[in-house]
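A.B. asks: Chain residues, written in single-letter form:
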Amino acid sequence: MIQRSLIFRILLLLVFLPGATIMAQEANIAEGTTLFKNNCASCHNKNMKDDLTGPALGGVEERWADYPQEDLYSWIRNSQKLVGEGHPRAVQLYNDWNKSVMNSFTQFTDEQIANVLAYIDFQYNYVPEGVLTDGVVVTEEEDNSTLFLVIIIGLIGLVLVLMRVASKLNVMVKVEDGEELQPERTLFDVLKSKSMIATFVLIAVVAGGSMMADKAINLGRQQGYMPDQPIKFSHATHAGLNQIDCNYCHDGARRSKHSVIPAANTCMNCHKAIKKGSTYGTAELTKIFASIGFDPKSGTYLEDYENMDVGEIELIFKAWIESQSEEETPEKKAAQVEEEWDAVVASLTNDRKDDFRGPIEWIRIHNLPDHVYFNHAQHVKVGEVDCESCHGKVEEMEVVEQYSPLSMGWCINCHRKTEVQFDGNEYYKSYENYHNQLSAGDRDKVTVEEIGGLECQKCHY
Amino acid sequence: MKNNNKEVWIGHNDINSPELQEIAKQEFANTVPVVDSMADEKVMESSTNRRDFLKYLGFGLGAATVAASCEIPVKRAIPYVVKPDEIVPGVASYYASSFVRGGDFSSILVKTREGRPIKIEGNSLSPVSHGGTSARAQAAVLDLYNVNRISKPSMPWAELDQEIMKALASSKNIRLVGNTNMSPTAKKAMGEFLAAYPAAKAVNYDAVSASGILEANDASFGMATIPSYHFDKADFIISFGADFLGTWISSEEFQYGYVKNRKVDPKAETPTMSHHTQIESYMSLTGSNADNRIMVRPSEQGSAIKAFYNALKGSSMGSDLNEKARTALEKLAAKVKASSGKVLVVSGSNNVAEQVVVNAINEMLGSYGSTITFDRASNQRQGIDKNILDLVAEMKSGKVDAMIVMDANPAYDLPEASDFAAAMSKVKTSVFMSSVPNETGALCNYTAPTPHFLEAWGDVEPKKGMFSIVQPTISPLFDTRQGEESLLVWASSANLDQTSDQPYYEYLKANWESTMFPMQNNFMSFQSFWDKTLHDGVFTAKASEPAINMVADVNAYLNKISKPGQGEEIVLFETIAMGAGEYADNPWLQELPDPVSRTTWGNYFGIPVSWEGGNSMVTYKDLNQGEYKGNADIVEVSANGIAQNITCIASFGLATDTFSAALGAGRSVVGFAGKNVGTNSMSWLTRDKDGNVQYFNALDAEPKKTDLVDTEFPCVQYHHTFGITGQEDGKEINVDEKTLMTIGEGFQGGLTDRSIIYQANLSEVNDLKAKIAKKRDFAKHLNDATLYPYEEYNEKYYSQGHHWGMAIDLNACLGCGACQVACVAENNVPVVGKEEVSRHHEMTWLRIDRYFFGDHENPNTVYQPMMCQHCDNAPCENVCPVGATNHSSEGLNQMTYNRCIGTRYCANNCPFKVRRLNWYDYTTADLFGGNEVSVNGEEIPFGADNLTRMVLNPDVTVRSRGVIEKCSFCVQRIQEGKLTAKKEGRALREGDVKPACQTACVTGAITFGDFNNEDGALAKALDSELNYLVLEETNVQSSVHYSAKIVNRDEAIS
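Protein chains in written order, with numbering that gives the first Met the number 0: chain X, 0 to 460; chain R, 0 to 1053.
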């Protein structure tokens, strides 16, 4: 399912390189990103291509090209003012979107708006293929390896040239001294020499060994693992846009070792009312209904669902999809119904489960080996660690990926740095020495390491 | 001549074998025939040359490369569809229920994870089992996942019901055959069945029966019940062959009471404890804990009771008892005579006359109303032996035309099992109701499988008015139906709502509403009463003491007591693990060593050991000279005209001309674990004139030595046991573990005068305190010259946070083995099988070492639970080349399986011999096949199937081949307890962390805690001058403290 190979890494590198270049040119995209996330993303789709609560923003500047730039800027700052003034584009937009009012952002400077627009443009025009659906440029250290490579090759070239010069000079000195000349060694002779072969073998062994060690260490690690899930569940929509707290669905995180994949009935708390998705319409949500046995048309659960006739169930859901279809012709509608229903069945079944009813079998992304004990409650409840410190910005992920390496080194490093929440937790009273040192000002914090967080049997037993 | 050895020993080999003594003096054995053993397997002839090496290297590299480029398998995360509110995945839920099997009972809490039961704990609210569990109860959770369970009825239920009802309607004599039934609701259901079929009759029997007591109490008081015995109220406990701490009637209840009066207060000026005399023929678990043992031959048991009665009475009637025992009993009688109301006399005899006399003795000593009461009469044994005898006769005559066997196994566990089996062919309709197959089931026409008790509803009334609930903790795994429900269906009961989801549950509730609810007045509504009962698991109704009136004519019964037999005799006994064979298919119990003989997997023929002065111990006919090497002789034994081969075990404490063998072995139709393990000794049982089964018999002839030798002798006595002490040339020597298993007799570490066991008589407690103080001072003096900056560590690490430790009271430890099975269940400890045990490969993290001291032929016993001592200066840690074992700041000796490469340096360097290597892939955790071992000839290794794996504790890693494992102080429980405290933002409380061994123990022998908690139970336990550390002089700074064994031995008796 995942292929973590060198090719992948090279691809990743290629993806980042243009990003880095663009960033060098217009350093303001990063700021635009932040501004967009904080202010616009709750209504505007960040792929810039699809409508959400507000219209898709891709190509916004072209659409306003007939008017002076200030108009667009003041629309963004306060759209109602422009509508009130009777600006033709503003009025048209207002009416097209059912007179829903866009929030005011009077605090935005021109520069900020320019940044946001730059980001919108960047997002709209540039979407790398397959790898990063998000396309957000993460502020990263500039990759200097190419430069180093060039410098090293240059230096080697220089050494060779100088060696050649030195040898020629030697020859000249010998000629001057009238010494007998040895036949000159060709490059081939040099390459064939024992010392050269030995050097190459040594380099090959060292490089091979280091590569193998690297590969072996990474065996079984899946950072960046981003499998297709049976349901195209978007954390960006739920956690990002709708600001649903992580703990609402992953309710085990505060009390159990498992964060818990929510049961279908947790989904139904909201989706009993929201029966059609903003992005996929009926295509994805019908999967949940088919899993749990909910008739979206009547808004009720189906009685004795496990024993119902499959054909009957199929009719119920197909009728639902059809009733919601936005296709124009009946043929197209029928095709959509067939297609969506087939996808529902396909994603809820697999080689071990032939009935679409019953649990949704998600692909597990974060896999720890069996000999590792990890407890969410310890970290989330006691350590007060934010979810995103290990899982990344899940609220921005359309498709969830494994953000952290989940390697032992990664755990250990965090335990070395992280401060224990000593204050207000009576449990830690037993560490008298540390408390004394803290109150005497001899130390400013106690790390997890200092209360035994690096010991084997904290995680392995 | 006083053959009293002040030092301890473990078996006959270590005191008498000159060879062993010689080896013991050396640090390492010189004779290491490794090469020989390898030559056998032609290992030496195989050639691995450079080319092969390169080939394998190349292949290995290639394979690794291929493996590295493989795709990682897709794992799925499957949530609930509708999540039950009470389940949080990853958090255990506990449900109160009861362990019931025939007359065995424990009130329990069942630990479930994600809806599957994984561990059984005691329910401390129970007034019967007091929060304790037996080894059997601990192991019961494994039975739930037994692959040999009956998965479906012999035909679909509706058809089965139809056929059976048709057959029953036309039957003239229907018999319900079962063991003791303690469930009031099941009895009601049975009553409905008997009412619906007037031709039906219920026949109850118990394989190990108390029929004699029931009938004797009927004769004495007109009450055919077993009374309550209060061992805690007795200053003198006298037991005529009753194994009340092991297998007799209600062992956890008795252990709990017994120990109350056996713990010595070390602060007292003159410490006191009860005095326990055991009069018996072989050394039972109870006998091994007794202060004085009086040895009588099995057939002399009656005479012994009679002699004691006469001695109390002051009558000068002659006695046919052996002189030594008679004098001892007379002295005992004189000793206890004055302590009216403070004496408790019990007898395990199954003879009515003997039990009537015991009743008379108790009457004379004023026990009734004080140490024996009838207010809470016990229901734990109800079987009347002669009923089943009548049944066999009826069957033979062809009178019985229908039979329903309810979880019983008369075709195996009756003395006339073969007659029963033969007569089964004359029974037209026979229905078998059980969850597992057995010998009787194989002979029945129909099978109506029942669920395991963890899947069933029910109730229990082990003692009058003391109820306990059985509630399911998992949906039935197989197509089963409760026996009670089946009976009600066949009776076409109007009270059973068959359309309901759980018909028997409704029936049970209705019965509780009408019967138990009116017994209380705390609750106004039934629902709240029911909820509370279900939550607590127990309900106790009021009870009152009935008037007791001795009506029997004792003299008539005195005359009925039969005279001792002549010649050699065999005593047949029940073990704590196997029962009467009903536990035979439980691998955990098969691998649990018998506390006294220390044998696993099967039963063994106990042969006496006699002392010839000095260090010379001689076994019967010089058999079993190679016992310590894992070789035991096989003899042919014949009783009742049935001759069988059986492996010997040298046994201390056997009476003259007496041999012993355990019951419950040699099952033929049973799950794989019990199949043909051991020798079926049931056929050697006999009956007395009243038809009551007698658990001894005269041998037809002397046991005959055969040429056969059991080379897979799974006795763990000489395994991993350190510190055997013998005497030679006036010097004490110690012999350590026999590390080299089958290949040689190498013993390790022959140093002298180690502190392992301290024991003394009650009168010498002060001397012992002085001795311990002196030894500990000396150890401290030695330890002061250390390279390790212990104080610095202590200041920096151990004094901060927690510092875990344990205290074990050797006086409270009775050796019952519950902790050992609890440890196996909690920590996913693998089962290895008979052959592997014989090769010293048993994996138990906790073993119970048994040491003898005192009289050579009739010794006293110390049980010492031994597990990783979590040394703060651990010798194992220093020698690990890969740092797989190291120390935590909380004082835990940590074992990291993933780092371990299996050098076994740590195991060799461990002075306590508690580290275990996975020699094979016992858990089938490997990626590669072929590393597994087969357990009892089974093709699929134990635990390889997904059903058995459901019992695994998900918080504990399953270890693979080639790694060392050992006690972790239940670190998963420590972490869980700490986390609970942290989450609640409070300091860790006493009781937040309790390891599995501690929770299993009913006597409180094990106390676990934090050394830094100055007010905790651990600190209290350590505040004793009897406290010592094992091998303290080696400066390992171990964390497990032991409190010395004190016995109240009266040298005049015995």
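Some clues are possibly wrong.
To be verified - Under 10 Å between C-beta atoms, here's a sample of chain R residues computed to sit facing chain X:
1. Val90
2. Ser318
3. Thr655
Claimed, not checked - In silico DSS-like cross-links for lysine-lysine, where the CA-CA straight-line distance does not exceed 30 Å:
4. X:Lys457 <-> R:Lys54
5. R:Lys74 <-> X:Lys193
6. R:Lys977 <-> X:Lys416
7. X:Lys392 <-> R:Lys993
Hints listed in this document are in silico derivations from the structure and should not be mistaken for laboratory results. Cβ coordinates follow ideal geometry from the N, Cα and C atoms, glycine included.
A.B. asks: Against each hint, give a clear statement of whether it holds in the structure.
C.D. replies: For each hint, the structure was consulted:
1. Val90: Result: holds, 5 Å to nearest chain X Cβ.
2. Ser318: violated, 61 Å
3. Thr655: violated, 52 Å
4. X:Lys457 <-> R:Lys54: Given pair X:Lys457, R:Lys54 is violated - Cα atoms ~41 Å apart, limit 30 Å.
5. R:Lys74 <-> X:Lys193: Given pair R:Lys74, X:Lys193 is violated - Cα atoms ~52 Å apart, limit 30 Å.
6. R:Lys977 <-> X:Lys416: holds, 22 Å
7. X:Lys392 <-> R:Lys993: Not OK: X:Lys392 and R:Lys993 at ~40 Å, beyond 30 Å, violated.
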